[in-house]
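Novice: Now for the letters of each chain:
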Amino acid sequence: MDKDFKVEESVDVKKVPKRIAFIKGRTAARVKKADDEMVMTFPNLVIIEIIAFEIMVIVLAIVSLLVDAPLEWIANPEHTPNPAKAPWYFLGLQELLHYFPPVVGGVILPALAVIALIVIPYFRINIKREGLWKEHRKQTFLVLIIVMAMVSFILLMFKVYAMLIPTLIVTACMLIPYFSKKEVGFVSWLDTRPLSWWIMTWFVIIVVILTAIGTMFRGPEWSWTWPWEGIY
Amino acid sequence: MKMFEQFFQSQVWRSMFRHGLPESDRTRAETIFYNFFLHVHPTKVRKRSVRFTYTWGLGGLSFGLFIVLTVTGALLMLYYRPSVPQAYTDMKDLQFVVSSGQFLRNMHRWAAHAMVAVVFFHMLRVFYTGSYRPPKEFNWLIGVILLVLTILLSYTGYLLPWDQLSFWGISVVTNMVRAIPFGLGEKISFLLLGGNIVGENALVRFYVLHCFIIPVVATVLMGIHFWRVRKDGGV
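Taken in order, these protein sequences are the chains called A and B.
If you're matching positions, the first sequence starts at 1 in my numbering and goes up one per residue.
If you're matching positions, the second sequence starts at 1001 in my numbering and goes up one per residue.
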């Protein structure tokens, strides 16, 4: 058990008087170093903000000069394009609708994703952020295998290979530190990843893959088309 | 040079900026806390939080994109009427009649796409650095709402050109909304579209949501978001 407090001292007593910080459970993100070197906000930070903003506007202007925003024929409710696609950030969802019934793909899964994002900071496990395998190794292993088997089974049932394959790869990566005894390099890095890290990384991989498939690999009747056959 | 010095000493200048030129640490600090726009920052920041790769400037860039979108959006409003078929003919006018109209629309379009991506990357950065931990839990929640609002802003804007892309893009998503059970989906979709199909009522509603309601809500939440970042020890 680590001690609950830490004495902080500064070499420069005028600048930072001696102080004691009570850090219960070592959870707060704020207190990490005894004292940090400080710089004036103006000009050090302000100049970076201005330069970053200017570069952004310049890049936007160049892109806007080179690439025109799309404009098709006037809206016609009589004529449905094939395929009819949502804006790109919804194409992951539209891809889900291809596999799951509308209530699951269009309502339950996205609602779960938003709720999961909101509750992240309210779970103690996400605050402590300790490696997945740090405590209760056997129990964690069992729960992980059961949950992942269930998820994989559902994905297999609906033939969602685009989600199944990344899910299996992520699970394999989660299991590497359990079986490997190596304490250096990539394996030990994997070993220190907390549960929330794994879930978020899995989520991001799935979102990117589904969005990419919906954007570039889907053509008429939502059939699989390669990007070189045309992007719809 | 002398002229400038006299100007900076003049009563007019001093009435606007009460501090001297930022030549000493004292006046540099005053530059921050006597300025309405800069006072969200502390006068001093940790050296490591100034490093660009600490945050990748993603939150700041999201705000920057919001400013670009507000400016280009306001200019676009001058040439746009949310009715059928004027909405579409106004797009054609922007393309062929209005000076730099196409450029203006391009800038608005690409900045909007960029903002969705940048806000998402900002969320990832905050997650992977664990910056959602107490006392910042609630600010993370506001951030998630702002991400949703960013997507809604982009989505409501998507209908406005009133071309095939807009019409069917919006139809696809409103059909998803209809899938919400217990008859709620139908109600929400009716409220959103002002009818059962994507028509002129939907165009007006999306226009008002896009140009007024969502930006105002987002601006208020951004104010709270930045203020809380500062109060919790950020820059």
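If you are wondering where the hints come from, they were derived from the structure by calculation, not from laboratory data.
Quick caveat, the model's predicted, so the values are computed rather than measured.
Idealized CB from N, CA, C, for every residue including glycine.
One thing to keep in mind: the hints can contain errors.
Claimed, not checked - What follows is a list of derived Cβ distance ranges for each label pair:
hint : chain 1 : residue 1 : chain 2 : residue 2 : range
1    : B       : Trp-1227  : A       : Val-184   : 40 to 46 Å
2    : B       : Thr-1027  : A       : Leu-65    : 15 to 21 Å
3    : A       : His-136   : B       : Val-1216  : 22 to 28 Å
4    : A       : Tyr-178   : B       : Val-1216  : 29 to 35 Å
5    : B       : Lys-1231  : A       : Thr-225   : 21 to 27 Å
6    : A       : Asp-12    : B       : Glu-1023  : 52 to 58 Å
Stated by the list, open to error - Simulated coverage check for chain B against chain A, where a stretch passes if three residues somewhere in it have a Cβ under 8 Å from a Cβ of chain A:
hint : region
7    : 1008-1018
8    : 1076-1083
9    : 1134-1143
10   : 1165-1172
11   : 1208-1214
12   : 1217-1230
Unchecked claim - To give a feel for the contact side, a few chain A residues facing chain B, derived at Cβ under 8 Å:
hint : residue
13   : Val-46
14   : Ile-48
15   : Val-57
16   : Ile-58
17   : Ala-69
18   : Leu-71
19   : Pro-77
20   : Ala-86
21   : His-98
22   : Ile-145
23   : Ile-146
24   : Val-147
25   : Ala-149
26   : Ile-205
27   : Ile-206
28   : Val-208
Novice: All the hints need checking, so say for each whether the structure fits it.
Specialist: The hints, checked one at a time:
1. B:Trp-1227 - A:Val-184: 40 to 46 Å: Taking Cβ atoms as reference, B:Trp-1227 and A:Val-184 lie about 44 Å apart, which means the hint holds.
2. B:Thr-1027 - A:Leu-65: 15 to 21 Å: violated, 40 Å
3. A:His-136 - B:Val-1216: 22 to 28 Å: At 49 Å between Cβs, range violated.
4. A:Tyr-178 - B:Val-1216: 29 to 35 Å: At 51 Å between Cβs, range violated.
5. B:Lys-1231 - A:Thr-225: 21 to 27 Å: At roughly 51 Å between Cβ atoms, A:Thr-225 and B:Lys-1231 fall outside 21 to 27 Å, so the hint is violated.
6. A:Asp-12 - B:Glu-1023: 52 to 58 Å: violated, 24 Å
7. 1008-1018: Violated, because only 0 residues of the region 1008-1018 of chain B bring their Cβ atoms closer than 8 Å to Cβ atoms of chain A.
8. 1076-1083: violated (count 0)
9. 1134-1143: With 6 residues closer than 8 Å to chain A, the region 1134-1143 of chain B meets the three-residue bar; holds.
10. 1165-1172: As far as the region 1165-1172 of chain B goes, the hint holds, because 7 residues have Cβ atoms under 8 Å from chain A.
11. 1208-1214: Contact hint for the region 1208-1214 of chain B vs chain A: violated, 0 residues under 8 Å.
12. 1217-1230: violated (count 0)
13. Val-46: holds, 7 Å
14. Ile-48: Holds: closest Cβ of chain B sits about 6 Å from A:Ile-48, inside 8 Å.
15. Val-57: holds, 6 Å
16. Ile-58: violated, 11 Å
17. Ala-69: holds, 4 Å
18. Leu-71: Where the cut-off is 8 Å and the nearest Cβ of chain B is about 5 Å from A:Leu-71, the hint holds.
19. Pro-77: holds, 7 Å
20. Ala-86: A:Ala-86 check passes; min Cβ-Cβ to chain B is 4 Å, inside 8 Å.
21. His-98: It is violated, given that the least Cβ distance between A:His-98 and chain B is near 12 Å, above 8 Å.
22. Ile-145: Result: violated, 26 Å to nearest chain B Cβ.
23. Ile-146: Where the cut-off is 8 Å and the nearest Cβ of chain B is about 26 Å from A:Ile-146, the hint is violated.
24. Val-147: violated, 21 Å
25. Ala-149: Hint violated; A:Ala-149 Cβ to chain B Cβ min 27 Å, cut 8 Å.
26. Ile-205: At 12 Å from the nearest chain B Cβ, A:Ile-205 fails the 8 Å test, so the hint is violated.
27. Ile-206: violated, 14 Å
28. Val-208: Violated - the Cβ of A:Val-208 stays beyond 8 Å from chain B, reaching only about 10 Å at its closest.
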